[in-house]
Amino acid sequence: MADSAIESRRDEERARHEAPPRLLLLSVSLISAAALVYEILLMRLFSVIQWHHFAYMMISLALLGYGASGTFLTLAREYLLPRFGAAFVLNAALFGLSATLCFLAAQQVPFNALEVLWSPREWGHLVLIYLILTPPFFFAANCIGLTFQRYKATIGRTYAADLSGAGTGALAVVLLLFLVFPLNALVLASGAGFAAASLAWIALGMRPRELIAPLVAVIAALWLLVHWSGAELRPVEYKSLSQALRVSGAERIEERSSPLGLLSVVRSPEVPFRHAPGLSLNSPVPVPEQLAVFTDGEGMSAINRWDGSRGSLAFLDYVPSALPYHLLPRKPKVLVLGAGGGSEVLQAIYHDAERIDAVELNPQMIDLVSRDVADFAGQVYGQPSVRVHAAEARSFVAASAEHYDLIQIALLDAFNTSSAGSYALNESYLYTVEALQAYLAHLRSGGFLAITRWVRLPPRDEIKLFATAADALARAGASAPERRLIWIRGWQTSTLLIKNGEISDPEIATLRQFCDERSFDLAYYPGIEAQQANLHNRLKEPYFFEAATALLSPERESFTERYKFDVRPATDDRPYFFHFFKWPLLAEAFKLKGSGGLSLLDMGYPILLATLLQSVIISTLLILAPLGVLMHRSDGGLKNSRRSPVFGYFFAIGLAFMFTEIVYIQKFILYLGHPLYAVAMVLAGFLIFAGLGSRYAARITPQQAGMHISRATKAIIAVSAVYFLTLPSLFDVSIALPAPIKVTVVLALIAPLAFFMGMPFPLGLSRLAAEAERLIPWAFGINGCASVIAAILATVLAIHVGQFWLLVAALSLYGLAGFAGPHRG
Amino acid sequence: MPFTRRLKFSVALLCIGLFGTAAHADEYAAKRQALIDEIRSETRWVSSEIGKTELDAQVLAAMGKVPRHEFVSEDLRSIAYANRPLPIGYGQTISQPFIVALMTDLLRVKPDETVLEIGTGSGYQAAVLAELAERVYSIEIVPELTQMATERLKRLGYAKVETKTGDGYYGWPEHAPFDAIIVTAAPTQIPPPLVQQLKPGGRMIIPVGGQFLLQYLVLVEKSEQGKISTRQIVPVQFVPLTGAH
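Residue numbers (this note's numbering), protein chains in the order written: chain A, 1 to 825; chain B, 1 to 245.
Derived by calculation from the structure, the hints in this document are not laboratory data.
It should be emphasised that the depicted structure is a prediction, and the values quoted were computed from it without experimental measurement.
One thing to keep in mind: the hints can contain errors.
As a list, the in silico DSS-like pairs of lysine-lysine whose alpha-carbon atoms are at most 30 Å apart [stated by the list, open to error]: (1) K31(B) to K154(B); (2) K110(B) to K154(B); (3) K164(B) to K540(A); (4) K160(B) to K31(B); (5) K222(B) to K110(B); (6) K540(A) to K591(A); (7) K154(B) to K227(B); (8) K154(B) to K199(B); (9) K199(B) to K164(B); (10) K164(B) to K593(A); (11) K52(B) to K199(B); (12) K199(B) to K65(B); (13) K110(B) to K31(B); (14) K222(B) to K52(B); (15) K227(B) to K65(B); (16) K593(A) to K199(B); (17) K540(A) to K593(A); (18) K65(B) to K110(B); (19) K222(B) to K164(B); (20) K110(B) to K540(A); (21) K154(B) to K540(A); (22) K540(A) to K31(B); (23) K199(B) to K222(B); (24) K52(B) to K154(B); (25) K591(A) to K52(B); (26) K154(B) to K164(B); (27) K160(B) to K199(B); (28) K593(A) to K154(B); (29) K160(B) to K65(B); (30) K52(B) to K164(B); (31) K591(A) to K31(B); (32) K591(A) to K222(B); (33) K52(B) to K540(A).
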């Protein structure tokens, strides 16, 4: 025993000066890429089978597999290090095997997200899903952690391989999701795990070589399993798509997958779809035959059958969003934001618009309507007056030089998604004060901006939108904002109009007639009297009217303060339009649970906090566990005074890295036009350039590490500060440029920042390797856990204090790390 | 002898069986009563919305009679009388008892009236209505659910209820007009044929929201002159201007 311990120490001593083979580094890159692909695929897959805020929760917890690995390696290090090759290959292969199988197993858990408020059993199911999904992260982290320990002198190189691999993974997953369906992409991620195992086998010269063949065979077997065993995505039965397909005669006629979502087109000849949100009870015209389009099994929108005649579209004149056409001159020029299946475009055609610019985010949706079902849809997107643009609304408007008589923002989210509060955590730049200002700037004189929302009772987003409009008008310096607003509601939707100009008396007369004919209620117009509100679709009190008048009066602040929900306007700095949560709601909702009070709750935020809490608890356990072990080992025992700075340093840089990354992801969403592209580009940019930074740091000796940590953190703070001051004007001048140029701009901006951000971690590690090497896995674990906590904490902070203060927090943490890191011990 | 012994044994078993059933029945009756008491106390939260402090005694009596545990699967029977929605399969739920009571109350059904239900589901709501009305017609879109509910209602002796599988949008013209209509599946529009099939003075109630989460109720009323009006009812006391209650 003693001999083998001495032998193993000698091996370690040798390894200290040894560099990892290039092929092994490639293997590390591959496993990092595969783990990142797995992570993003899980989000995609769970958005399809469940709802995406639960997906978010699962991922955050699954990532703790990294933390668990840190603990495991600390405990099993002496056994594993002498068997490095076998351990690496086994873990990589286990990653490959588990990535697909764990997901298929997790899908078998009968978790019903909708029941979590009623049934404690569902929390048990959720925990079970976490446990099932964690192993792949654990195995991947073992590969990387083992390599760190095996090649201590060149930690920077391993770290660089790890980061650049993850960066490549971030780009690869977007590409992959354009090419294949998510479940097949998962098998490819598994394949990458086996490929990494094979590469390591060759790199380390392990025998027999032939063992690679079985590894490859397992990939093939997995592929077969998924393809021919009937393995498929099984969305929960409560999703709209599942329910639509239960109806006799309903069938899925088309399915498209992209990173933006899984589009399913459904035909239902026996029980036709009749999707016309907000349709007046007085509508004399029937809704035509429709095809339903679901995104990730939810968010139904309709493609209407159109025979080219104007008469068949008459029903579109009986919804609240038709109002602006009655107030505008003939042949208006219209911009539809969120064109989807084309209902608002048809509405504009019905009202004889001279030109219609239709903006739709998802190119596959445009493709469906203008190609696959073009005849059914009456070539709506091929009409001479219609121009279709595949773009995000804000970016399109920012890049456009056109002015319109009407900018129509359709109901972009389905009622179910909206009412479940699942958007609460999404950054939405569509409904911010700055967004509304931008739309208003593209209106012709006398033109209208029209925004339609679902009526939710008690009202929340509708009121937040009104407050946002009032703010946007005030900020734009419009005279008498109260004379520029009209607000109406039906039993199901409400429409807010903002005019570029003051509303005239004849317009008010037309408005009243429009509402009277359709039994819509007047919520606000200049000069409205209390008795004119709340006549047709009666609420107990005229809540909408009261809110509108309060928001336009000097008591605005106190109204917002007192209102049950958070209805403060969303801004570009705090772009959480769908966040309505206030603490008293939680207690009240549960007290009123018996009488339907849970509708007061928007689940997104409470779930976010629950996620934060659980990740803090589990992270603490994962950090404290190895710490406890270390304390009781005489040979690894370190004084508390030595351990605390190490703990603090790696925790601080973990938080700071994620905070900074998330601030820039949010900043670039607006610039690049879509959260997904922003996430992929920023993540890839940060990881790859941070990888280069690590590579550079690998050349620095442990003795110089302290000085370089200090320099790197100062550089991060300086670069970030410059960016925060100059980015808005840079975006203004370059937002209209073509996408490839914008991507280059983003990468060029990220490069120096990320380069410096890649340095503190490996520098800290190399210092640790020289002074207290037993703490390396521990540092790795702390850093991993900090990253997980930071990912959630960053969202909480951004919701409450905004991006600016989040960045300040990140830079302060870097400052602290640079000032009081382990190098000062 | 063997025969007598067998007979005794069978009688003993039967007694145990009967006793067992009686014990179960008592247990369920007690749970039902507890549920009625809970509904009664929950009503205070909606008193300002519905303009009264108690739900109709007839409605509560009806709820006290219908064996809700018969309308859920075996494994959910123990919580059948909890005041919460329960899954019934096929992506559908049996509504929260309080909401069933509230909707039934808002329909103001009289003993000689005919009611149409769109969305049979488990058949529970139809059974409650059958305790109050002359006749109940119920349409369900999922064939398997219609079949299960039909058998169940027949077994439990609810002969007043007639069911069919179909598209609820067109109502049931053969039996129209109706005094009251209850739509339990949230539609994206209020079907005009249903409005037409409502008698003057008739009421239609539509819950809006997801499967497990009710947002609000829409009550459509047709006046004696045939004029349509709607009321939107939030099932919780909502005082937006103070944020307190």
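The hints, checked one at a time:
no.: 1; hint: K31(B) to K154(B); verdict: 24 Å, holds
no.: 2; hint: K110(B) to K154(B); verdict: 23 Å, holds
no.: 3; hint: K164(B) to K540(A); verdict: 36 Å, violated
no.: 4; hint: K160(B) to K31(B); verdict: 26 Å, holds
no.: 5; hint: K222(B) to K110(B); verdict: 16 Å, holds
no.: 6; hint: K540(A) to K591(A); verdict: 21 Å, holds
no.: 7; hint: K154(B) to K227(B); verdict: 38 Å, violated
no.: 8; hint: K154(B) to K199(B); verdict: 28 Å, holds
no.: 9; hint: K199(B) to K164(B); verdict: 22 Å, holds
no.: 10; hint: K164(B) to K593(A); verdict: 33 Å, violated
no.: 11; hint: K52(B) to K199(B); verdict: 25 Å, holds
no.: 12; hint: K199(B) to K65(B); verdict: 28 Å, holds
no.: 13; hint: K110(B) to K31(B); verdict: 27 Å, holds
no.: 14; hint: K222(B) to K52(B); verdict: 22 Å, holds
no.: 15; hint: K227(B) to K65(B); verdict: 36 Å, violated
no.: 16; hint: K593(A) to K199(B); verdict: 35 Å, violated
no.: 17; hint: K540(A) to K593(A); verdict: 21 Å, holds
no.: 18; hint: K65(B) to K110(B); verdict: 17 Å, holds
no.: 19; hint: K222(B) to K164(B); verdict: 26 Å, holds
no.: 20; hint: K110(B) to K540(A); verdict: 25 Å, holds
no.: 21; hint: K154(B) to K540(A); verdict: 40 Å, violated
no.: 22; hint: K540(A) to K31(B); verdict: 34 Å, violated
no.: 23; hint: K199(B) to K222(B); verdict: 7 Å, holds
no.: 24; hint: K52(B) to K154(B); verdict: 35 Å, violated
no.: 25; hint: K591(A) to K52(B); verdict: 20 Å, holds
no.: 26; hint: K154(B) to K164(B); verdict: 13 Å, holds
no.: 27; hint: K160(B) to K199(B); verdict: 20 Å, holds
no.: 28; hint: K593(A) to K154(B); verdict: 33 Å, violated
no.: 29; hint: K160(B) to K65(B); verdict: 15 Å, holds
no.: 30; hint: K52(B) to K164(B); verdict: 36 Å, violated
no.: 31; hint: K591(A) to K31(B); verdict: 21 Å, holds
no.: 32; hint: K591(A) to K222(B); verdict: 35 Å, violated
no.: 33; hint: K52(B) to K540(A); verdict: 13 Å, holds
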